[in-house]
Every structure is written in C-alpha cells, then in structure tokens.
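Colleague: Below, each chain spelled out in residue letters.
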Amino acid sequence: MKLSFKSFLILLMFGLSLAIVSCQQGSGNSALKSSTAEKVFVAPGEYDEFYAFVSGGFSGQLAVYGLPSGRLFKIIPVFSVDGEKAWGFNEETKPMLETSYGFIPWDDSHHPDISQTNGVLDGRWVFINGNNTPRIARIDLTTFETVEIIELPNSAGNHSSPYVTDNTEYVIAGTRFGVPVPQRDISINDYKGNFKGALSFIKIDQETGGMDLSFQILMPGFDYDKAHPGRGKSDGWMFFTTYNVEEANTLLEINASQRDKDFIAAVNWKKAEEYIKAGKFRTMKTKYAHNVYNDETHSATSTMKTEVRILDPGNLPGLVYFLPMPKSPHGCDVDPSGEYIVGSGKLSANVTVHSFPKMMKAIKEKKFDGESYGIPILKFEDVLAGVVEQPGLGPLHTEFDGKGNAYTSFFISSEVVKWKLGTWEVIDRKPTYYSVGHVMIPGGNSQKPFGKYLLAMNKITKDRFLPTGPEVTQSAQLYDITGDKMELLLDFPTVGEPHYAAGIPADLIKAKSKKFFKLDENKHPYATKSQDDVKVVRDGKDVHIYMTTIRSHFAPDNIEGVKVGDRVYFHVTNIEQDYDVPHGIAMIGANTSELLIMPGQTETFVWEPKEVGVWPFYCTDFCSALHQEMQGYVRVSPRNSKIKLSWSLDGE
Amino acid sequence: MKSILIVLFSLVLILGSCKQTDSQASSGEDFTKNTPLGQASVVDDESAKNILQLAIATPDLSTLVAAVQAAQIEHILVNAGPLTVFAPVNSAFDALPEGTVETLLKPENKKKLAFILTNHAAPSTYKGRLLKDGRKIYMATGEYIPIRRDGDDIYIGDAKILATVDASNGVVHLIDKVLVPKEK
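If you read the sequences in order, they're chains A and B.
The first sequence begins at 17 in my numbering and counts up one residue at a time.
The second sequence begins at 41 in my numbering and counts up one residue at a time.
Just so you know, nobody snuck in bad clues.
Incomplete in silico selection of chain A near chain B, CB under 8 Å:
| no. | residue |
| --- | --- |
| 1 | Glu269 |
| 2 | Ser364 |
| 3 | Ala365 |
| 4 | Asn366 |
| 5 | Gln406 |
| 6 | Ile428 |
| 7 | Ser429 |
| 8 | Ser430 |
| 9 | Pro447 |
| 10 | Tyr449 |
| 11 | Lys478 |
| 12 | Leu504 |
Cross-link-like lysine-lysine pairs, in silico, BS3-like; alpha carbons within 27 Å at most:
| no. | chain 1 | residue 1 | chain 2 | residue 2 |
| --- | --- | --- | --- | --- |
| 13 | B | Lys167 | B | Lys217 |
| 14 | B | Lys73 | A | Lys501 |
| 15 | A | Lys478 | B | Lys89 |
| 16 | A | Lys208 | B | Lys176 |
| 17 | A | Lys436 | B | Lys152 |
| 18 | B | Lys151 | A | Lys501 |
| 19 | A | Lys277 | B | Lys167 |
| 20 | A | Lys475 | B | Lys89 |
| 21 | B | Lys150 | A | Lys501 |
| 22 | B | Lys176 | A | Lys395 |
| 23 | B | Lys172 | A | Lys277 |
| 24 | A | Lys475 | B | Lys73 |
| 25 | B | Lys73 | B | Lys151 |
| 26 | A | Lys277 | B | Lys176 |
| 27 | B | Lys222 | A | Lys277 |
| 28 | A | Lys436 | B | Lys73 |
| 29 | A | Lys501 | B | Lys152 |
| 30 | B | Lys73 | A | Lys55 |
| 31 | A | Lys468 | B | Lys73 |
What follows is a set of in silico ranges between Cβ atoms, one per label pair, in the way DEER data are often shown:
| no. | chain 1 | residue 1 | chain 2 | residue 2 | range |
| --- | --- | --- | --- | --- | --- |
| 32 | A | Thr439 | B | Val220 | 26 to 34 Å |
| 33 | B | Ala88 | A | Glu397 | 40 to 48 Å |
| 34 | B | Asn74 | A | Ser529 | 32 to 40 Å |
| 35 | B | Asp70 | A | Thr439 | 25 to 33 Å |
The set of hints was computed from the structure by calculation and includes no laboratory data.
From the three backbone atoms N, C-alpha and C, an ideal C-beta is built for every residue, glycine too.
Excised from the complex, chain B in its bound form:
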C-alpha cells in the first residue's frame, strides 16, 4: 500500500511540474529581429525620398545620420509623418564641446542621444510661410522652440535655416546649430 502512495505522490509531483513548464513558455523566437530597422528596412528606390533617405544622400548630414543610426531611431524618420526635421549639418556637431559627439555615440548613451535628436523633429510640415515669426514649434520631446525671422533669414531657436528640402514624409531644414534640449 505504501508503494502505491509513493507512486501516487511522484505522479502528482510529475504532473505538477509538467504543468509549470507548459504554462506560457516563451518560444524564444523573436520575430521582431527579422526587421531590426523597422520601416527603415523597406527597400524602395522608386518612391520620392523620405527624410532618412534624404539625410543619407546629403554628405553634410553624415554626423546626423551616424547619430540617428547609433540611437536606432531610423524608423521614426521614415514614418508616414508628416514630420518637420531640423537637421544640424556636420559643422554644427563639430561646434559642440570637444568629445560631446563621441560620448553621445557610445551605446550606453543611446537613450540620451535619442532624446537630443528627437528635439529636432516636430509633427506636421512646417515650411515657407508657415514658419511665421514668433510661432513656437512643439518638438517631439515636448519642448517649444520659437521661429524667428530676420530679413530673409529664418531661425529656429538660435539655429539658422541654411536650406530646405522637401521629403516624401515631410520636410528637412538644414540648420547650423544643434538644438540641445533644455531639460534632461
């Protein structure tokens, strides 16, 4: 009789442990890894260029592109948007205190870098007469940065707009300074 009890007991144990392993085991398959860049992985050479493609094709934005890649936010720049991106040219990054860019590009600073870059993007397409003197642009970080007009020159914060290029999903304004976020 005792042996029956032992057998029964072990049966219960086995069934119990079996249940545990069965409950919602993670499959270990991560299908998001198939497309690590999200929508930026889409191969399309026929459509009008999106903001990311334009930036990549512009030599003077190579630092910005490197930063976007380091922050892994390429997919945001190819989104349907529409987005307005104020794109600091290479010399704008060069003007930052020495070592800033190198530090930001380090993997451990990914989040901080993403936040800084996000401060250069605003929902909706702001260009031409929509860049009204005094209008505050609400950046994706939540910060407001004002537009200032001085003769023919247009500024966003302290940064001067050097050139404007239309993108399929918005507009890119090349600027001469980095828009460093006020907080964080």
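Just chain A, same shape as in the assembly:
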C-alpha cells in the first residue's frame, strides 16, 4: 500500500489525538482524584499481577489469593483434612497425614516459602511447616496440591521453618520447644542442659523436589523462633533467632525475658556438609514418617524412617556462633544483599541489625564474649551494624523492597514502619487494623524483591468487617509501597489465621499450571480408562467397584449383589480430558467425605453398608447441564443373600 503524504499526516494527527485523549483520561484522574479503588480493581476477566500464598495458621491449610485484588482462588489442603477435596478422607491421600504418632487430621500451618534459584523466586514449589506435629510439606505449583510431607524427629513446635536457601539446596526447620532428645521420662525441672533444640536440614532433590532429612544439628534447649538463610554474600549461612536462653520451663511470659539479650544462632551449613562428609556425625535411632504423593498413581505412600544423622555443635568448631540480640527476638531477616541480619526483639524498644561482614571479621579475630554449651558468643559491639531507634512497639518481622528499604511490622503499636538500610532512619509509618503479625512483599525475603505491594497480616479485626458472632475473621491489608510513603489500599478477610505469606509474580507460575491429568498416564492400580472396562469384583467381604464418570453419568450406575457387612470400594476415574470438568461422588450413609475427581484422575472412597435396602449415590460437583441426572443405586442384600454381583448402565 502506498501512503500519500496527506493521508500519512491525517493518520498521524488521528493517532496523536488518540494519544492525547487516552493520556487525558489517565492523567486527568490522577490529577483530580485517582481512585485507590483503581489500584486494586482487577476488571472481570482480567488477572491479578501476583499470587499470594497465605498460610491458614490453625486451619492447617494454605490459601491462594490474587494481588492486588485480594480475591481468594483456592484453599490448598495441607495438614488438615478437607471434606471439600476429600483430603485425608479418600484412600489415596490418607497416607499423607500419617505420622510416627499415627494418622493426624490437623495441624497448625505457619510459614510458606517459595523455592528459589540463585536467590530469586523460581515458582516451582511452596514449602510450609506444620507446627504442632513437626512436619514440612511441599506443594507443587503445577498442580497446586500438596505432594510431599516429611515429619521431623527430635522436634516440637516446628516454628522456625521452613526456609529455603538461595538455590533450594536445603529447606531448614528449627524447633521452638526444647525437648529431651531422645524422649524419656525425666522431671520438667531438669530442663536446663537436658532439653535440646534440633535444627533440621532437609535436602531437596533439584529434579523432583523430593525432601530428604539430611542431618540435624542438636542445639541447646533454647526456643528457636524464626530463621532466614543468608543471601548472596552470606549464602551458606543460616540464621535463627532464639529466645528463652534462660532455659526457663514455666511462666515464660516473664521468665523467658529476664536477660537483656538472647541470641541469633548463625549456622554455617556448608561447614555442616563438610562435617557430614568427614563422618563427624553420630547416627541416632528415631522414627519419622515420609509421605509422598504421586501424580501418576494419584496415590500417596507413607514410609517410616528410623535413623537420623546428628551433629553436636559444641564439639564441631566453626559450625555455629551466637550473635547477641536484645530481648526475645522473633523476626530474623536478611536483606537482599545478604549483608544485614535484622533481629526484631519483640519486647525490645529498638530494631537491632547485625552485619554479616563484621560477623566474619569477628569470627576471624576471635572477638568472643564467652561461650554457651561450647558455642562461641560473638561480641555484640563487633557484629552490630546499626540500630533503628524507637521505631514502634513490639517489632516482629521485616521484609525488603529491593530499593534499600526495610519494612517492619509492630504488633503492639499496630503499624508497619518503613526504614532505610544503612542509615537506620524511619521514613514512614502506617497503622494496621489491628495487631499485625507478619508482613509480605512478593520476593521480599529473597535477593530480588518485587517491591510494589506489601501485605500486612492482622490477628485482630474487631470492628473492621460485618460482625459474625464471637469469632470474627482475621485479615490482610494491602499497601502500595512504590512511593516514599506507603498507601493503604485494601482490607480483605482471610482463612484461619493468616500467619505468614509468600508472594510471586503470576507470570512465573500461571503458564505452568496443569489443566488436567492425562488419562493414558494414569497408573492408579484401580484406574478404569474406558467405560467398556468398568466392573465390580468381590474379594471376600471387599467389593471393588471400577467406575468411570463422564458427562453426565456414572458407569456402572446400578449395582446389585452387595451385602450388609461388605467393605465397598468406589474406585472412580474421571475419564474427561477437558479443563475444569471435575466430577464428584457421594454415597448416602458413607462415613467419609465426597470425592472431587479431576479429569484423568482416580480416587477411592470406602462405604460399609449397614442396612439392607437400595441406596443412591450422585455427582456432587455441578459438572454439566445434566448434572442433576448424574446418579446411581446400590442394592444391599442380607449377609446370607445368594444374589450375585451384577452391574449395569442403561440396562446393559
């Protein structure tokens, strides 16, 4: 096409006027009053910029939200049974909740952390800790499902967990409660010296993400509260806050804060690897469960492990050092450069920052201030980088924006305070509503924060939302942190206790999200891949129904020959191969939950009929226009009945 000069000019003018108009629209709003609503509004059909993985605390689960909208997408069941998804109810996932104490239907999930490569979020997996019965779970970010749970022996109150090293070499987990190791019958008054705190190092298989408890460092029985891996220049070290270095065992509210300073334990994990390699460990008999879910068999297995390698830091020079830190520190956070270690003494009036280079120098020059259980204590003044003076009350947790700023939450004064690394000056403070615990900036604990938003997670909301009786929701609050001053954008309610969160740009994950499971890759032993293969098989009192679902029927849908006292296994394969077409199934009187079966997946529930009759089952997920027609019957006859097993669909 040949463009004349005139028409070119006209086109150009037209384009110019368009540009001006659109520009006026954009700038006009912000000049007059750009609405905060615009900053969090994600138009129908559009996507959020970030995923936020927010733990559920006492719900035991992990919630997936979008930011900036605060919309809830999914609750991933992790440590607690979930009837919605049959987690812990179907035969396939029951092994995931096995422990050395047997099946446990609940835990307290605290700190999600996303896998990293070279200190940058890579969006492969999320790890999260179970606090009460110490465990670490791995969630696969292609399926958004929990695929592995490993129990931690010699631990109790698995709180300073799980934190991911720069290249996800290890996920690290520390114990909050000192306990006798090994467990034994001794007086609680003999706590001091007899109780220990284990720091667990879980090695991650770079191909599969598989977790292996590589070794434990058996520390004095302080309370290990939070942890943070070194980043960049401090890679190879792991930092844990401790409180209760008093080793008190009663009324810790007062007795664990008698001393002026507790410690940050700096652990050289590369040194630990050397000691392991050199055989300087002892092997201890113990018991812990390792549960793995397989996406091909759609089933989990639970294995009981019986040994763990132990490193005793008092006898292993260079493995651990203590950095004094004022007043029961909670947060232990390393800035993106790896230079600064920020300790938030939760009772302290100040935020204290230590310097990694100074720490290395102090170690080299042996600037020690005594020792504790054979572990050298570095001199406070020789490792101190600076102090943020009187920033607020009850400092708790610090994240970073990658632009030289730190953001610390303050529980007692209910605020987030922005301050500058290096000068330690306070730049801004904004209230939270109310009693903020942790804060999250996507990537804010890595070498590369995406410093656009900060999410504050509040324990108390009182009057912030419509009331719902004595129990009201906890909440998250979103702040814009791109300017000098933070700007409150949004309050949104959360699931359980939003204890801690990890965020990541959606672009790093969304393209990898699985749409369905391929039927021809299904290796479930009871899978039925075609409607032609459905059958019902009796094995003594066990009856196995090999069933399929496709819009809009079960095959078979009528079954006879089941007897009172049988154990009836419904092995149901969803033979759809289409995105977002799950089917559900529930049986009247079955002492379990429904199943919710994704396309290509097989799941199993057990029904033990107790009464003679004809009992219906139906699809629980509104799958299609004829969902309400998706049903079937099982005839249950007396135990001594001679009726043979038979099954049918459409009378065939």
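Got chain A; can you put chain B on it based on the hints?
Modeller: What follows is chain B alone, placed relative to chain A:
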C-alpha cells in the same frame, strides 16, 4: 516533511509526559484517616474494660489520659497486650516542676511525651507475687526499673503503687510518681 518531524516530536513529548503522570500517582485518598485512633476507635461497651477505658473512667488519671491523647498513643493501651501500665495519678503530674505538663502537652513535644508515657508500660502482666522484690521490669522504652518491696508496700523505682486494677488486656497499677526516663 519538516511538519511531520515536528508532529512526531510533539507526539513523543506528549506520550512521554503522559507516561510520567501515569506512573504511580498517589491517589490522595488516605484510608487510615477513617480510624484516627486505630483500635481505640472500636466501640464496645460490653467487653471487660481495657486499660484505656479504665483510665478514662478513673477521675484521678485525668492528666494521664490527657497526656495519652496528646501523644496519640491511645491505640497502644487497647492492644491485645498483655501490658502492665504504671499509671501516675494526677498529683504525681502536679508534683513535676511547674510548667512541665503544659510544655509536654504541646503538639511539638508529641514524640517526647510519647516516650515518657511509654516508660510506664511493660509487656506482660506483672501483678501480685510476680512483683518480686528486686525484679527489674523492662519498660517499653528499653529502660529497666526495679521493683522494691517494703512491708506491704510495693514500689516501682521511686513510685509507690497505690492501687491495682485488672484490665481486659493487662493490669493497671496507680502510682504516686511519674517514672521519668533516664535518657533522652
């Protein structure tokens, strides 16, 4: 041809300037202003009284309440805590050198006033036998102030505890002297 260049140039200018105004304009809406007192804005006459509500209801603490309001730290006294607040009664403030209170209540001294008041609060609930002779209480300013027992009398620093009232979020001890911080 020249005119095209001019048009192009101005187009670039406009688009460029447009970009600037679009980047992270502050909305100008401050939603924290909706609740200036933070948690102290919560209306609740049914729950057991918190430290702030108790102080407001105690005539002999009116100077303290005025000071807390001037320092704008009401929200701290209604926090989940638990907190121990050593609350100087009006006569304790009156005993300060003349003009001290008036000066501290001025807006420009807000930070200083907040610091002094913070020196009267400690995390956790210290009462009864927990107020052990010789125990040092770590105040929210970072200062340690010792407990002293003399017969039935209990002192925090030089201040005598006159009365003790339980609050929903901790405990309030009425004291007869202001605990002036040592530093700053």
